[in-house]
Every structure is written in structure tokens, then in C-alpha cells.
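Numbering (this note's numbering), first residue to last: 29 to 562.
The set of hints was computed from the structure by calculation and includes no laboratory data. Every value quoted in this text rests on a predicted model; they were computed, and no experiment measured them. One or more hints might be untrue.
Claimed, not checked - Computed cross-link-like contacts, EDC-like style, restricted to lysine to aspartate or glutamate with a CA-CA straight-line distance of at most 16 Å: (1) 329 with 247; (2) 60 with 295; (3) 562 with 487; (4) 133 with 516; (5) 562 with 262; (6) 394 with 516.
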Amino acid sequence: MSSSKSSSAKVLQSPSPPPGSQSELQRTLTWKDAFWFSSGVPALLLFSIGSIAATVGNISWLVWTLSISMGFLQAFTYAEIAGLFPNKSGGASVYGAMAWVRYSKFAAAISVWCNWLAWTPVLALGTSLAASYVLNNFFAGSAITTWEFTLLNLEWIRPDLTMRINGGFIVAVLFLFALFGIQNLGVLKAARFQKIVAIIALLPLILVGVIPLFTNGIELKNLLPMNPLSGSWDMAGFQLLFGGMFLAAWSTYAFETAICYTSEFKDPKKDTFKAIISAGLLCFFMFTIVPFSFQNALGLKGLLDPAVVSGEGVGGAMAIMVGGGVVIGVIILLLLILSLLLAIMTSMGGASRTLYQASVDGWLPKSLSKVNKNGAPTRSMWAGIILNIFLLTLSDYTFVLAISNVNYLLFNFLNLNSGWIHRLDRPNWSRPFKAPNWLLVTNVVFAFVNITFLGFGADIWGPGTLWAGLISAGIVIPLFVYRHYITDKGHFQEGMLDGADGASAKAEKRAGIWPYVAIGAGIVVMLIAHSIAK
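All chains should be built: construct the whole structure from the sequences, respecting the hints.
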């Protein structure tokens, strides 16, 4: 397909797939629907607000503020590249892969895979935390909360790591299948359901972010001194900062899921940009005010409470912050469970569309590109559910989250660099939104900053975290080789846009050697940071 401006215009004006199509998603959404889909992202705070505070100390609120500020600026690069491909679903990594495919098919495949592998564990992490809320608060002391059956000892991978089945596993799986049933009804019905849940579920986070600041004011003793947990800004202190920034990115950058639905927008030219920026504004507010309010009210000692660090005691802490008693605590707990379910729906919808588009484009097995009569990518959702049932059997969820984030920052590095590659290779393509040059360059700098966070901070969350994450990212290579070179005989599927196959694949690579230089430099930065980390 030609990479000329006229070709781009033709793509932008392509007709919507017929209703009830069994092979394509349906154009039924507006940017408001995508906004509600991404509204579950702020609930990701519940997963790591305590563990980040336990790692970095008094600078916890600063870590969250810096991280969401970076995430918001990065979104403008994602908005630009998404506008180039209005017929693609699956989010930023899919659009970024179109830049890398001319230079390295494997880099493109790794980008898409890492994005999915970063997003899909939210299903396991969210349902496990929701299950612990239910069991520990409504069934405390009962047999179901204490029963456990060990399947396999995995201490050779990580100390105290096992595969097991317990009461929390059973409740979490029930949550998974309930939400799968809702998503299976189709994207529009799921969006309407999620809108109702979001309006209710975001309420406790907003109240906790605002009320304590009015009732108690600013407690400087809980915010100062601005030193890391190590006590000083030496190499160890900066490593703690980078470790906190590493883990916070998994939550704060995640509103990019708003553009997972581009091929389902009625007007992708306008809706794509509006979706990601509106989601970014919501997350900017939530990720700055809520962590600040938590630390301001509870202090570092309160954030270091083991129940808060694990996430299980966040509801009780929130009740104390708003001055509520037992009844208020129960209400907040129920709302938090809804918040977690909202985050899980956000992940299930976005991750399944990434997997769906990866199959359509020829990166992953062909069977994943099928949708049901409601236009839902059911087989891709099943793939995510099967993986997450396995993850739910693992005894260490922090390890799962950290490995997930290794993949997320690998995707982030490749995708932020894809912005300038698209600019060079497709200078005349119509862009519904075009990021300012200074911002595009800033985001390339952020790509290397994030890969530094990865090298410095990953192993704070356990020895071998970085290498385990890199190995999990490499799983896609044999999958891609089988699909592309055996199933498709070395040719991409029809619908793979510009530069992937056909005559346009022979077009000039205007970026020259610089994409390879960027990858090489990224690897060097990551390894140097990892080698000097304490």
C-alpha cells in the first residue's frame, strides 16, 4: 500500500465493518466511551501506593507526581502515531510497530508483545486484591480464608515462590469470569456498564484525595524531609528513586489504553486525540492528589503499615482519612472492590484488543483474530484469562507486577522512539494531531530516562527481576517466527499498513541507521545502569 498522503486519506475514510462481522471490530464508540474504559487506571494506585512508599520513603508523593507528569507528556506522541492508523485497534504498541517493522520485524513484535504482557497481569493482580478484600473483611477466620493447597515449589526461581490454590484463588477466578461475561456482550454494552461503575467507584479515591486536605490541612511533618528512605541523596538514594519511578510507571503511564479502541471509534480522526488527553487529565489529577493526600494524612509510618503495603489495608486507611467509622469503612471497602473491578475491565478490554490486532497484523497466532457476534475479541480474552489463572496460582504478586513492568518499559522505549521514525518515513501522511517538535524530542529523552529506571530499579523488587522480565519479553520470538515464517510464509497479512509488504516494503528507509543506533544505545544504557546499581 502506498505511503503517500492520498493513501493515508483513503485509510482514514475507510468504511466501517458490517454489523455483526465475525472478523472485525465494530465502529460504535465515541471518545467518551474510551474515556470511561480508561477510567479504571487510577485504581491501579491501590496496587502499589504502599509498596512504593516502603521503598522510597518520604519522596513517595514526589515519585507519583513526577511519574504522571512524564506519562502525560508521553501521551502526545502516542496520540500522533495512533492518528496515522484509524483502522487498527490494540493501542500504542500496534501503531509503533508500524514504524519499527521496516527496520526490525522482531523489534516490532517485541513491542506489541511487551505491551500485552504488561497489561494483562492487571487481571490477576486486581482480582486477587479484590478477593482478599472480600475474604478478610467478610469471611475473616473462616476455613476458606486459611485453606491452601501447594501445587509446586518454585524457590529455584525466587525465595518463597510457590504455585498454590487457595480461597483467594477461587474468588478471584469467579471475578474473572463475571467480568469476561460482561466484556463478551460487546464493546458498547461494556462501555455503558463501565461508565456506571466508574462514576461510583472513583468516588472514594476523589474523596480521599480532597477531604483530608480541607479537614486537616497540610502536615509538613509527614512530607518532610525530602530525602529517600536511605537518608541521603547518594547513589543508593538515587537508586531508590529510580526503583520507585520504575514501578510507578506501570500505573501512571497506563491511560494510553484509551487509544486501544481506535478502530471502534465512529470518528477516529477526532476521537483518538480526545480520548487519550481526557484520560490523561483525569489521571494527572488522581495520581497527584491521592498519593499526596495519603502521605499528608498517614505519614510515612502509616504508609509503611504492612496491611497498606500489601494493599489489603488501604480501605481501612481511607476510612480513617475521611473520619468515618465502621459503616463508612464498609462502604469505602465495597467501593474499592468496584474500583478494582473497574481496573480489571480496563485491562481486559485493552489487552485483548492488543492481542487481537497482533494476530490480524501477523505477529501472533492467527486464531486470536476472531471476534464473536457482538464484535468482542473473545479468543484474545480467553488467552488473557488462561495466563492470568496461572498467575493467580503464584504466591508472590509483587514479583508478577515487577516483571510486568519490565515489559512495559521495554514497550515504552520502542514506542516513544517510533514517533520520530514515523515522522521521517511518512512525512506527508495526514496527521489528525501532530505533536510539537520539542515535545517529540522530549519524549525521546524520556524513552532513555525510562530505560535507565529499568536498569537501575528493577532488581529493587527482587534479585533477577530484570532478567526474568527480559526472558518473558523474548517468549514472543518463537511465536512470531512460527506465525510469520511458517504459517504466513514470510509475508504479512492483508491489512498490514504501509511498508510491511508489497511494493511499499521497498520504499526508502529515511531513518537510515538511527533506529538501530537507538536500540543499541538503549541496551547500553540499561546494562550500564544495572551494573552500577547497588
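Hinted pair residue 394 and residue 516, Cα distance within 16 Å
Within the cut-off at roughly 9 Å; holds.
Compare the distance between the alpha carbons of residue 60 and residue 295 with 16 Å, and conclude whether the hinted pair is satisfied.
OK: residue 60 and residue 295 at ~12 Å, within 16 Å.
Taken at face value, is the distance from the CA of residue 247 to the CA of residue 329 at most 16 Å?
At roughly 14 Å apart (the allowed maximum being 16 Å), residue 247 and residue 329 satisfy the hint.
Regarding the pair residue 562 and residue 487, is the alpha-carbon distance no greater than 16 Å?
Holds, because 9 Å separates the two Cα atoms, which is no more than 16 Å.
Would you check the hint for residue 133 and residue 516, treating anything up to 16 Å between C-alpha atoms as holding?
Holds, because 14 Å separates the two Cα atoms, which is no more than 16 Å.
Take a quick look at whether residue 562 and residue 262 sit within 16 Å of each other, Cα to Cα.
Holds: residue 562 and residue 262 sit about 11 Å apart, inside 16 Å.
Hint compliance for this structure: every hint is met.
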